[in-house]
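Novice: What follows is the residue order along each chain.
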Amino acid sequence: MNQPVRILYVDDYPLDRELVRDALEKEHVGFELVEAASRPDFEAALARGGFDLILSDFNILGFEGLQVLETVQATGLNLPVIIVTGTGSEEVAAEAIKRGAADYVLKSPKHIQRLPHTIHAVLEKKRLEDEARQAEAELHESEERYRLLFENSGEAILLTQPDGPISSVNPEACRIFGRSEDEIKKLGRAGIVDANDPRLQAALEERRRTGHFKGELNLVRKDGSTFPAEVSSTIFKDSRGNERTSMIIRDVTERKQVEEKIRTLNAELEQRVEERTRELREAQEQLVLQAKLAVLGRLAGGVGHELRNPLSVILNAIYYLKLVQPDATEKIRQYHGMIEQEAHTAEKIISDLLDFAHVRIPDREPVSVDKLVRQTLEHSTIPPSVKVTLKLPAGLPMAFADPRQMEQVLGNLVVNACQAMASQGSATSVGEGGRLTISASRQKEMVAIAVKDTGVGIPPENMKKLFEPLFTTKINGIGLGLAVSKKLAEANGGRIEVQSEPGNGSKFTLVLPVHEGEQ
Amino acid sequence: MSGILAILVVDDNPSMAKTLEDILDVKGFEVHAAYSGAEALEILRKERVDILLTDVRMPDMNGVALYREARKTRPNLTTVLMTAYAADDIIQKGIAEGIKTVLNKPLDIDFILSLFSAYKRLILKEPS
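Protein sequence lines, in the order shown, are assigned to chains A and B. The letter at position 435 of the first sequence is residue 426 when you use my numbering, and the numbering goes up by one with no holes. The letter at position 63 of the second sequence is residue 82 when you use my numbering, and the numbering goes up by one with no holes.
The following block holds chain B by itself, in its conformation from the complex (with noise of 0.2 angstroms):
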């Protein structure tokens, strides 16, 4: 198990998936990056991801049923949702299906970082 921590990034806007990975990048996480719910599917299916930080309304899919779809094959796949509608039913029953985290868009950017550092630390049992 390499010390990085592999982040899979969906959103329907390109641009919020682009600008996510090349952060990402940039902090050194390994990121995959897809546009569409089956797009992350066939990801999930090539590639380790440790984290799924999803939009939640997105044309194909939501970023539940992606969750749902995910677990199937990846139980423990910790799972964060995005979105720009903090009142959406979608979120309760993501968070009622187990979803610990979601994060409101404009999306706080050093937020994410420290959360990030702290599942990297928990996912690969870094030392802290």
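Bound-form chain A, shown alone (with noise of 0.2 angstroms):
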């Protein structure tokens, strides 16, 4: 302390101010004295400033010590005042004191020796009132700020005790709850947590254990409604040493229906990538199968053509052999018949392949299905244990097709059933090997006949592979009928159908249009 105490003493008596001037001037530390002997010369000295200290006399002419002390007090620089008193006067003294006055010394040569003491001890009183006063402003600021925070924070805060229990609630804890401060704090942690959340008490144990959790919890609004939010929960200990937890909580409603619609969408992506990785591998498939059919075809071409040389040499070798021999015994009857018969067959297999290979372009015409269906039973080889039965209605419409490729069609598909009812034993009474039923109708433009067989039925695996080139389950068949056959009916405007059931037989409908000129 090198800056010298300035204090404004107000006495009109000169041989006090005199006593006083003295007393203070015995002291080592520096005083400096302003005097003023009147109102008017005070009033102006404290309106200059710069003191630390007001010392006043009590009686002043026209003006008391207590108006001295009125006066500092208005400036409202809180400076203390000691009053300086004649003896006999301390009741007014005591007065003094109680209207703010710092202290009072008596004007005894005795007790004046006391004022520097007195001076220093009340400006150290004020020094440590002013930092008091300091401190709590700050504390003040400081519990301001943080209420402001508390207040208008986007995330809701709540104080809490790890018990449950819940002290403080912030206004956007009860936006997201959608209730009051009161009824949270009543409701307490129970009340706003939802208890079937299966991460509750892995969340709670986390916190025991660590002093923090930090995760997504189920919260519960006032209407009962469960929403997703992020929670950050700490342990900390009050300034009375009690345990206290804080939960912030920010609901992630919303970020989870993003979250979601973006996982919807992936998935949706997803999905069209595979059914789009599904079609191109049909594609190839496609691809690879025509490939192979082309091969096929070159094939069936070159080799089907020369087969038929041999073949008619053999056929022809047969017909000879029963021209000259026709006493032969029945042996050798029996085996002319067998060459003759799997010479036709070998035959019937290059006509496919060619037929396969190259499809004749359609020579069509207006057909009676009445005597394409005919027409085809007579041609067809049907064993006599197969009962044969016929649906064709009156009046149905003519079909604008190739007679001679429905045959081939038709004949097809009733070679097929046959062989699917082969297995229905060996019996040869009519009826015990099957029943074959072909059956016509109209369809809008189309005309359908269906092929009916009571045979094995085809597999759930095998009917999308049913007209695939070269897909056979025969014995002796290359898989080619049914390939040639759907050729066929698509070459004339129509198509083959299926509807089959393995151990109930099988259905085979070729539609075809309906002759122009009667639809």
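Calculated directly from the structure, the hints in this document are not laboratory data. Bear in mind that the values here come from a model prediction, so they are computed numbers and not experimental data. All C-beta atoms, glycine included, are put in the ideal place defined by N, C-alpha and C. Any given hint might turn out to be false.
As the list claims (entries may be wrong) - In silico lysine-lysine, PhoX-like type, Cα no more than 20 angstroms apart, as pairs:
id	chain 1	residue 1	chain 2	residue 2
1	A	Lys465	A	Lys477
2	B	Lys37	A	Lys313
3	B	Lys46	A	Lys313
4	A	Lys498	A	Lys456
5	B	Lys119	B	Lys91
6	A	Lys283	A	Lys477
Claimed, not checked - Restraint-style ranges between C-beta atoms, simulated for each label pair:
id	chain 1	residue 1	chain 2	residue 2	range
7	B	Arg140	A	Glu276	42 to 48 angstroms
8	B	Ser133	A	Glu276	38 to 44 angstroms
9	A	Val294	B	Leu132	57 to 63 angstroms
10	B	Lys46	A	Lys456	34 to 40 angstroms
11	A	Leu290	B	Arg140	33 to 39 angstroms
Both chains are sitting in their own frames, so use the hints and assemble them into the complex.
Specialist: The structure is reproduced here in structure tokens:
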């Protein structure tokens, strides 16, 4: 403290001023004394300012010490005032203390010696008071800052206790729960956290163990609905050493919705990629099949034609043998028959191959369905054990197709049907070898001819491959019959439909366009 | 003019020519067999032939070329083609140049026999 203490001293009695001046000058620590002998002097000096302390007589002409006190207090500068008073006015001095004077000193030679000490004591007291006030102001300001933060936070904040009670709730918390502060405090943790959330126990356990938890929990709104929230909770101790906890909550419903949407979109995308991949794979399989068929076509063209020459010679030879041996033994005639039959079968295979390799452009004309079916049956070899039923209603429209090609298709379907029933025993009596039903009906601009058997049926896994070339389940077949039939039906503007159930027979339907004149 | 129809069978496959020759012979036709176009022309120069039954594809001369050669000396010769290749371009040319009948292999012998019986009535003016 090297700065001198600046004192404004007001006293109208010169001897007293001398007494005080002497008392202060005895001190080594410097006092800078400004003396005022009248009220105007005092007021002018006070207005100039720069004082640390006011020293005032109690009885001044026309101006009392209490008035000095009031004047000083009116400045708001919080300057301490020490009253110096004549002997015997102690009561008044006590009154002055009551009104805010810092202290008083009696103007006796003995007491005045204590003035410097009193001044130091008053100043020290004021310094401490100032410091306390400052600290209080700072504390208040700090509290205000935190209060504002709490009140205006975009996150819901709760001050809680580890076992569940809630002591403070900010407005954002009220907003997301749809409840008032009091309601939330009353409910406690159990009222706002979804007790069915399986993550809750683990979260509390983690907070107990580590003092902190951060993660997702389901919380409950006033209306009972739950919402996902990101919760951050910490255990700490308050100034009294009690365990407290905080919960900072952010409603992540929207984020979850966005995440869910992204997940859905991703799943959709994945599905579309999968679909596209499957389409591409199927397209590729088709290409491979086409390539296979192109090779088959060339092979069929070459080999098929070449085989017709030796086959023709075999048939000629058999013809000749039968011709020149009319009296041959039964056995030899059987063998002639076998050779002839097998040569015809071979020729049929070659025809299928060639038909498949190169479908003749259909020569379409109006075709009687009735006649087509009857001719097909006439040219087909049907085992006598198979019972044939025809359901050909009168008034069927004419089909518009190549009759030879359609007879080929129907013949194929009939042969297949008979073969599907062949396993139904070697029974020779009519009907025990299965039932073959051929029916026809009009379907808008088409006419449908259905060939139904009571045979073994088709396993589901074979349904798709049915019309693929080279697919066969027959022991002696190359798998072209249905492929050729499908090609021929399509070349004639028609199609072939299949219905089948393993063990319950199959129904193949040739659907052909109706002759235009009849539409 | 005898009452027998004379047929020349031509095929580069000897078995084909031979079996046809034998069948037609048994069935009462006069038959000559040749295994090439050149051989066939040789026979045509020497023998009476009413019907030329020839394969289409042969190494030295195809059936239609043979028909053309034969017609130079025998303009009215009835010609029947046999083929294992129904879509052959050569056949289309033959048809355009006047060949009436084309048979697909394997041959339907019964059909050939009935066809030739019809020709016999036509060519030999036999009463039916």
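Novice: Each hint needs a verdict: does it hold in this structure or not?
Specialist: Verification of the hints:
1. A:Lys465 <-> A:Lys477: Status holds; Cα separation ~18 angstroms.
2. B:Lys37 <-> A:Lys313: holds, 16 angstroms
3. B:Lys46 <-> A:Lys313: holds, 13 angstroms
4. A:Lys498 <-> A:Lys456: holds, 16 angstroms
5. B:Lys119 <-> B:Lys91: holds, 18 angstroms
6. A:Lys283 <-> A:Lys477: holds, 17 angstroms
7. B:Arg140 <-> A:Glu276: 42 to 48 angstroms: violated, 60 angstroms
8. B:Ser133 <-> A:Glu276: 38 to 44 angstroms: Since the Cβ atoms of Ser133 (chain B) and Glu276 (chain A) sit about 50 angstroms apart, the hinted range of 38 to 44 angstroms is violated.
9. A:Val294 <-> B:Leu132: 57 to 63 angstroms: Check failed, 30 angstroms falls outside 57 to 63 angstroms.
10. B:Lys46 <-> A:Lys456: 34 to 40 angstroms: At 49 angstroms between Cβs, range violated.
11. A:Leu290 <-> B:Arg140: 33 to 39 angstroms: Violated - the Cβ-Cβ distance for Leu290 (chain A) and Arg140 (chain B), about 44 angstroms, lies outside 33 to 39 angstroms.
In this structure, the hints that do not hold are numbers 7, 8, 9, 10, 11, in rising order.
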